[in-house]
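Let's have the full structure, built from the sequences with the hints guiding it.
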Amino acid sequence: MSDQTILKPLEPTPTVEHLEKININDLNDLCDATDAAIEGGGGFGWVQLPARNILERYWNGVLVMPARALFVARLDSVICGTCQLLKPPSNNEAQSFSIQLTTNFVAPWARGHGLAKMIIEAAEKYAKEEGFEVINLDIRETLTEAMALYERLNYHRIGEHPHYARVNGKVLKGYYYTKAL
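Note that the numbering used here has the sequence shown beginning at 116, numbered continuously upward.
Keep in mind that the hints are not guaranteed to be accurate.
[Claimed, not checked] As a list, the in silico DMTMM-like pairs of lysine to aspartate or glutamate whose alpha-carbon atoms are at most 25 angstroms apart:
(1) Lys202 - Glu245
(2) Lys240 - Glu135
(3) Lys136 - Asp191
(4) Lys243 - Glu135
(5) Lys240 - Glu266
(6) Lys240 - Glu208
(7) Lys136 - Asp147
No lab work stands behind these hints: they were computed from the structure.
This is the structure:
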């Protein structure tokens, strides 16, 4: 009998970060993850895959907008999900204490590693550090797993929009959630 070493596969490493600068590899990862999310039915508004140059312009544009904070989820250093926090405009003093969570997704191939929860918690931590007291978000009715996660993280459903989105010709409801930080 020979001595054989059995190698155990390494567990994937999930991480989350606030992305403030983008390189070509990150841009490619963002576009690939967005494509996967759209194909999986959770493309934060997109229903059909946009051309690659449109996605590249979109993600580059996010990073130059001071009112947006982009958080990315990585699995083994590859970007596989995002969320953004959208700050209120400076002329909206009445709602200056609240921030909007948007464009939240994890690509289907990267699910099951806790990244969805991690990215929301990173966004919440940032919002608190920036002095915000409330996070608001909206979501279409078909994203039931995401809604369940928000509810486990103490987001409260506060409203419903009967004509929120149209996906493949079907009108869908949307729900509004809020969380006091």
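We went through each hint and held it up to the structure:
1. Lys202 - Glu245: Satisfied, since the Cα-Cα distance of roughly 10 angstroms is no more than 25 angstroms.
2. Lys240 - Glu135: Distance of about 16 angstroms is within 25 angstroms: holds.
3. Lys136 - Asp191: Holds, at roughly 19 angstroms.
4. Lys243 - Glu135: Within the cut-off at roughly 18 angstroms; holds.
5. Lys240 - Glu266: holds (18 angstroms)
6. Lys240 - Glu208: Holds: lysine 240 and glutamate 208 sit about 22 angstroms apart, inside 25 angstroms.
7. Lys136 - Asp147: Distance of about 18 angstroms is within 25 angstroms: holds.
When each numbered hint is compared with the structure, no violation occurs for any of them.
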